[in-house]
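Chains as they are written, first to last, in this note's numbering: chain A, 1 to 231; chain B, 1 to 121.
Wrong hints could be hidden among the right ones.
Said to hold, decoys possible - Think about it this way: if two alpha-carbon atoms lie no more than 25 Å apart in a straight line, the pair counts; the simulated DMTMM-like pairs of lysine to aspartate or glutamate are:
| hint | chain 1 | residue 1 | chain 2 | residue 2 |
| --- | --- | --- | --- | --- |
| 1 | A | K120 | B | E40 |
| 2 | A | K135 | B | E40 |
| 3 | A | K120 | B | D39 |
| 4 | B | K21 | A | E55 |
| 5 | A | K10 | B | D39 |
| 6 | B | K21 | A | D160 |
Claimed, not checked - Calculated from the model, a selection of chain B residues having no Cβ within reach of chain A, i.e. all distances over 12 Å:
| hint | residue |
| --- | --- |
| 7 | L15 |
| 8 | P31 |
| 9 | I37 |
| 10 | A38 |
| 11 | D39 |
| 12 | G42 |
| 13 | P59 |
| 14 | V65 |
| 15 | R70 |
| 16 | Q73 |
| 17 | H87 |
| 18 | Y90 |
| 19 | V99 |
| 20 | Q110 |
| 21 | E113 |
None of these hints come from the bench; they were simulated from the model. For every residue, glycine included, the Cβ atom is placed at its ideal position computed from N, Cα and C.
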Amino acid sequence: MPTISFASSKGGAGKSTSAVLLATELAQRGTTVTIIDADPNQPVLRWSRKPGKPEPLTVIGGVSEETLIDVIDDTARATAFVIVDLEGTASVMVAHAMTRSDLVIIPTKGSELDGIEAVKVIQFIGRQERAYNRKIPYAVLFTQTNPAVRPRTLKSLEADMLKQRIPVLGTALHERDAYRAIFSFGGTLSGLKPDLVRNIPAAIGNAREFMAEVVTMLTRQTEPMPQAEVA
Amino acid sequence: MSGSRPSIFDSEVDLTSFRPKTSQSPATVPPETVRRIADESGFPSRAPVPTPTKAKRHPKTGRTVLLNARITQRAHDRFHEIVAAEHARYETGEIMHRVTLGEIVERALQALEREMKEEGR
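Model the full assembly from the supplied sequences, consistent with the hints where possible.
In structure tokens form, the structure reads like this:
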């Protein structure tokens with residue numbers, strides 16, 4: 001039922017990684033999920049051709065600006081969740097996906113440069129909301145964060161976003177080798193071999209938290225409460 | 001990043017309420033509106049635009065064989081005067097194409113053939 005788009009006007013923010021983590025965590029619970037790989041580089045499609053993709057998860061590639069909306073509508077009638085992984089660039093594809101999204105997740109690394117790109121997408125969402133007179137629920141997701149240390153730049157970015165009342169997901173996706181490994185080996189985090197990849201349980205826990213928070217947001221269908229404190 | 005973070009032990013996520021859509025899609029924003037807003041916001045189309053095949057500059061004339069002949073300076077000058085006059089007519093728009101030396105030779109040949117015909121040869 002819900003369509004979740006991952007948008008960022010910058011490459012390397014973690015769109016495909018977070019899209020695959022969310023999709024696999026959902027699909028492993030038996031629900032049907034489709035990822036629409038709208039990135040011309042087709043990273044998710046490549047991942048899906050490797051072994052270990054959960055059965056209830058389908059990946060569709062090869063969409064264009066003209067076909068994206070129809071593909072989203074068709075898949076929304078076929079599977080419970082539709083996840084759209086967009087190209088890391090400011091393109092009209094992002095706009096088309098947003099008109100169909102129940103939630104737009106904006107992954108960003110905790111740097112000034114990445115933050116500026118995230119703001120660009122947020123401003124674009126605002127502009128569309130005003131033009132269409134429709135709310136587009138969204139949230140920023142910090143990615144590639146250090147699980148042990150929270151640098152000052154990240155703290156300052158979060159504080160800035162809170163001040164602007166920009167919804168930020170409480171869960172950040174940490175920098176984990178396991179997240180890269182699923183793109184090398186294919187499949188899910190729980191399918192990775194502990195002798196080849198470090199600290200898989202921590203990665204699984206982090207991905208589950210992320211999935212659970214997204215599901216909570218979708219269930220409420222309201223923006224998450226801005227966090228009360230910024231440590 | 002604190003506040004309402006769900007516990008990792010709270011792993012029983014209820015997904016039963018999420019099902020494929022059964023109804024028709026809601027009224028959509030017209031694609032041209034989406035494109036306009038996106039374009040104005042710096043999110044333009046990135047789809048490849050097919051480049052139109054270049055129109056050939058020279059129509060095929062079939063003039064591929066070289067004619068090399070020794071002629072007098074006077075005939076040479078006169079020939080090029082005629083070519084220059086034809087080019088001037090093209091520049092002023094009197095004729096629609098720029099003549100080539102080969103075309104002048106062919107037209108001279110046609111004139112000779114007409115003359116020979118008139119003389120009954």
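Outcome of the hint check:
Taken as a hint, the K120 of chain A and E40 of chain B pair is honoured in the structure, with Cα atoms around 13 Å apart against an allowance of 25 Å. Of the supplied pair hints, the one linking K135 of chain A and E40 of chain B holds, its CA atoms being roughly 20 Å apart against a limit of 25 Å. Simply put, K120 of chain A and D39 of chain B have alpha-carbon atoms about 14 Å apart, close enough for the 25 Å limit, and the pair holds. Between the alpha carbons of K21 of chain B and E55 of chain A the distance comes to roughly 20 Å, so the proposed pair stays at or under 25 Å and holds.
In summary, the hint linking K10 of chain A to D39 of chain B is supported, as the alpha carbons are separated by about 17 Å, within the 25 Å threshold. The suggested pairing of K21 of chain B with D160 of chain A is violated, with an alpha-carbon distance near 37 Å, which exceeds 25 Å. Not every beta carbon of chain A lies more than 12 Å from that of L15 of chain B, the smallest distance being close to 5 Å; the non-interface claim is violated. Not every Cβ of chain A is farther than 12 Å from the Cβ of P31 of chain B; the closest lies at roughly 7 Å, contradicting the non-interface assignment.
At the 12 Å boundary, the C-beta of I37 of chain B falls inside the reach of chain A, the nearest C-beta of that chain being 5 Å off. A beta-carbon of chain A is positioned within 12 Å of the beta-carbon of A38 of chain B; the least distance is around 4 Å. Look at D39 of chain B: its CB is around 7 Å from the nearest CB on chain A, not clear of 12 Å, so calling it non-interface is violated. Distance to chain A contradicts G42 of chain B as a non-interface residue, since its nearest Cβ pair spans about 6 Å, not more than 12 Å.
A cut-off of 12 Å between C-beta atoms confirms that P59 of chain B is not in contact with chain A; the least separation is 37 Å. No Cβ of chain A approaches the Cβ of V65 of chain B within 12 Å, the least distance being about 50 Å, so the stated non-interface status holds. For R70 of chain B, the condition that its CB be more than 12 Å from all CB atoms of chain A holds, with the nearest at approximately 64 Å. A cut-off of 12 Å between C-beta atoms confirms that Q73 of chain B is not in contact with chain A; the least separation is 66 Å.
Against the 12 Å criterion, H87 of chain B stays outside the reach of chain A, whose nearest CB is about 49 Å from its own CB. In this structure Y90 of chain B is separated from chain A by more than 12 Å, as the shortest Cβ-Cβ distance comes to about 45 Å. Even its closest Cβ contact with chain A, about 48 Å, leaves V99 of chain B beyond 12 Å, as expected for a residue assigned away from the interface. No Cβ of chain A comes within 12 Å of the Cβ of Q110 of chain B; the nearest lies about 55 Å off, and the non-interface call holds.
The claim that E113 of chain B lies off the interface holds: its Cβ sits roughly 60 Å from the closest Cβ of chain A, which is beyond the 12 Å cut-off.
Going down the numbered hints, you'll see the structure goes against 6, 7, 8, 9, 10, 11 and 12, while the others check out.
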